[in-house]
Amino acid sequence: MKRLKLLCLQILVMIVFLALWHVVTTTSLFGDVKTSQFFFSTPLAVIARTVKELSGPAIYWHLGITLTETVLAFVIGSAAGILFGFAFARNALLSAVFDPYIKAANALPRVVLAPIFALWFGLGIWSKVALGFTLVFFIVFFNVYQGVREVSPTILANARMLGMNERQLFRHVYWPSALTWMFSSLHTSVGFALVGAVVGEYLGSSAGLGYKIHEAESVFDVTGVFAGMVILTIFVIAIDALVTLVERRLLVWRPAQSATTTAT
Amino acid sequence: MELQDRPQAGAGAAAGSPDGAAVALAGVDITFHLADGGRYQAVKGIDLSVSPGEFVSIVGPTGCGKSTLLNAAAGLLAPSAGRVGIFGKPLVGLNRRAGYLFQQDALMPWKTALDNVKVALEPMGVPEREAAQRAREWLARVGLSAFVDRYPHMLSGGQRKRVSLAQMLIRNPEIILMDEPFGPLDAQTRQIMGNLLLDLWSRDRKALMFVTHDLEEAIALSDRVVVMSAGPAAGIVADYRVALPRPRDIADIRLEKAFHEIHRDIWSSLRVEVQKAYAMGEGRELVGGDAP
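First to last, the sequence lines map onto chains C and G. Taking the working numbering, the leading residue of the first sequence gets 1, the next gets one more, and so forth. Taking the working numbering, the leading residue of the second sequence gets 1, the next gets one more, and so forth.
Honestly, the hints are just simulated from the structure, not real lab data. In this text the structure is predicted, and so the values were computed from the model without any measurement. C-beta atoms are modelled at their ideal positions from N, C-alpha and C, and glycine is treated no differently. Hints should not be assumed to be uniformly reliable.
[What the hints assert, rightly or not] Partner residues aside, some chain G positions facing chain C, computed with beta carbon under 8 angstroms: (1) 20; (2) 100; (3) 151.
[Stated by the list, open to error] If you anchor each label on the Cβ, the simulated ranges turn out as follows: (4) G:153 - C:218: 47 to 55 angstroms; (5) G:188 - C:9: 46 to 54 angstroms; (6) C:9 - G:278: 57 to 65 angstroms; (7) G:62 - C:13: 41 to 49 angstroms; (8) C:105 - G:88: 54 to 62 angstroms; (9) C:107 - G:275: 41 to 49 angstroms; (10) C:98 - G:267: 53 to 61 angstroms.
[Unchecked claim] Listed below are the simulated DMTMM-like cross-link pairs for lysine to aspartate or glutamate, each with C-alpha atoms no more than 25 angstroms apart in a straight line: (11) C:103 - C:166; (12) G:89 - G:29; (13) G:111 - C:166; (14) G:111 - C:215; (15) G:111 - C:150; (16) G:89 - G:105; (17) G:111 - G:54; (18) G:276 - G:214; (19) G:276 - G:130.
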């Protein structure tokens with residue numbers, strides 16, 4: 001009963017929002033209708049455009065491009081992050097020497113690299129993958145580094161007393177611990193891979209969702225921009241749901257976390 | 001600080017290694033180098049030997065270096081002076097013939113109870129299927145047949161200790177080291193775990209060093225009770241033989257007259273150290289330093 005009430009209230013918020021939007025853009029209460037529609041379009045037009053886009057084949061090609069970029073950025077960024085995270089965590093000198101540079105590189109807003117990457121890698125998918133990589137790498141790197149460094153000393157001592165050699169310690173202790181930390185940031189890193197892809201496309205490309213939105217914007221097609229945003233949102237929610245599914249599967253051994261707001 | 005007036009550790013070292021002892025500590029000093037550059041001498045001039053098949057408890061006030069001593073026998077800590085002998089041979093690196101039950105949770109949280117026990121056989125090169133079979137048997141022996149697929153966070157504190165016990169014993173170590181293993185458990189669970197331990201130990205008596213702050217537990221379980229002085233530079237102040245008959249039930253044995261007599265004897269020497277530690281502890285708080 002409580003959940004039903006909550007759902008009703010949530011839907012009510014959407015209806016009020018859409019109704020307000022509709023009233024503002026289709027009546028002359030807040031000024032000229034033509035002007036309002038130029039800047040804000042109308043909810044019905046946006047919905048109609050979204051449905052039309054989603055029923056055509058073209059959008060799926062763009063989505064496919066964006067998805068490819070996201071996945072590549074995530075996979076390559078994670079692999080590099082894991083590799084460097086382990087290397088730095090197990091080698092005190094390495095981490096001490098590179099510490100200021102890592103911090104500096106992480107402090108740099110990565111978006112400014114987009115033009116450079118476009119120059120280096122062209123306007124194809126790789127400049128977007130490179131941008132996503134720089135975002136994903138640091139998240140995974142810091143988490144793996146932390147995961148390896150913060151292995152419980154008792155678990156480690158116990159594993160040693162059980163006679164494990166370095167290889168076995170890696171397999172049974174360091175690796176699972178690092179993965180735990182990495183998985184706990186899975187949502188963030190996948191999200192950033194997507195941000196890299198879309199922002200990269202937006203700044204210069206010939207395909208992908210970011211490109212679609214940019215294209216609509218350059219001809220003042222506000223309806224197209226909003227429709228692109230709606231499709232992007234649906235896409236992100238779908239990916240996020242997938243990540244949640246993967247996370248549940250991989251972290252079964254962990255006690256239920258209170259961090260998730262959805263009912264378990 | 002009277003212990004510092006004792007003869008130098010080297011003198012006792014020659015006598016400290018009787019033939020055939022499972023564990024022989026001779027003139028062992030252990031000093032920690034603190035982060036602020038200072039030093040803390042945890043134990044000093046320890047001579048202690050444990051025979052094969054002997055159950056020895058080590059009691060003493062909090063922070064007296066009981067665990068430190070156990071870590072030296074395990075090879076997790078190298079003594080700054082003195083010798084550690086294992087079955088007559090000097091200990092180099094980790095003690096491969098010992099199993100260690102830690103006070104804190106030491107199970108791998110990402111493995112099920114079965115996998116946690118099974119993984120203990122991997123360094124010994126036991127094939128996968130045989131390892132799984134033996135792990136199941138051991139989990140049954142500690143009464144956890146129904147919980148093999150549970151992850152540690154799904155188990156109670158007592159159940160986790162049982163898994164740890166199975167994990168350690170499945171390797172059939174010749175020396176068993178236990179550091180306040182039942183410390184975090186409630187009173188009833190401690191008794192059950194104590195009886196379980198005695199039951200498992202009595203099947204093929206191994207040398208066992210058991211650190212505890214609970215004197216009653218120590219007497220009920222052990223053949224010998226060793227009393228340590230208050231730290232820093234803690235030493236052994238007394239060594240009592242517990243001549244109670246076995247098999248024992250650790251709940252019933254506490255009611256016997258002989259138990260009370262032994263308890264009175266040991267408590268008389270332990271009490272002095274506990275009071276000393278308490279007095280020092282108050283002083284130490286003012287200085288702000290503490291044991292590592």
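Going through the hints against the structure:
1. 20: violated (24 angstroms)
2. 100: holds (4 angstroms)
3. 151: At 4 angstroms from the nearest chain C Cβ, residue 151 of chain G passes the 8 angstroms test, so the hint holds.
4. G:153 - C:218: 47 to 55 angstroms: holds (54 angstroms)
5. G:188 - C:9: 46 to 54 angstroms: holds (49 angstroms)
6. C:9 - G:278: 57 to 65 angstroms: At roughly 60 angstroms between Cβ atoms, residue 278 of chain G and residue 9 of chain C fall inside 57 to 65 angstroms, so the hint holds.
7. G:62 - C:13: 41 to 49 angstroms: violated (58 angstroms)
8. C:105 - G:88: 54 to 62 angstroms: With Cβ atoms ~57 angstroms apart, the hint holds.
9. C:107 - G:275: 41 to 49 angstroms: violated (56 angstroms)
10. C:98 - G:267: 53 to 61 angstroms: Holds: the Cβ-Cβ distance is about 58 angstroms, inside 53 to 61 angstroms.
11. C:103 - C:166: Violated - the C-alpha atoms of residue 166 of chain C and residue 103 of chain C are around 30 angstroms apart, more than 25 angstroms.
12. G:89 - G:29: The hint holds at about 19 angstroms.
13. G:111 - C:166: The given pair, whose Cα atoms are some 19 angstroms apart, holds under the 25 angstroms limit.
14. G:111 - C:215: violated (51 angstroms)
15. G:111 - C:150: It holds: about 18 angstroms lies between the C-alpha atoms, which stays within 25 angstroms.
16. G:89 - G:105: Distance of about 31 angstroms is beyond 25 angstroms: violated.
17. G:111 - G:54: violated (33 angstroms)
18. G:276 - G:214: holds (17 angstroms)
19. G:276 - G:130: Violated: residue 276 of chain G and residue 130 of chain G sit about 52 angstroms apart, past 25 angstroms.
Of the numbered hints stated above, those contradicted by the structure are hints 1, 7, 9, 11, 14, 16, 17 and 19, listed in ascending order.
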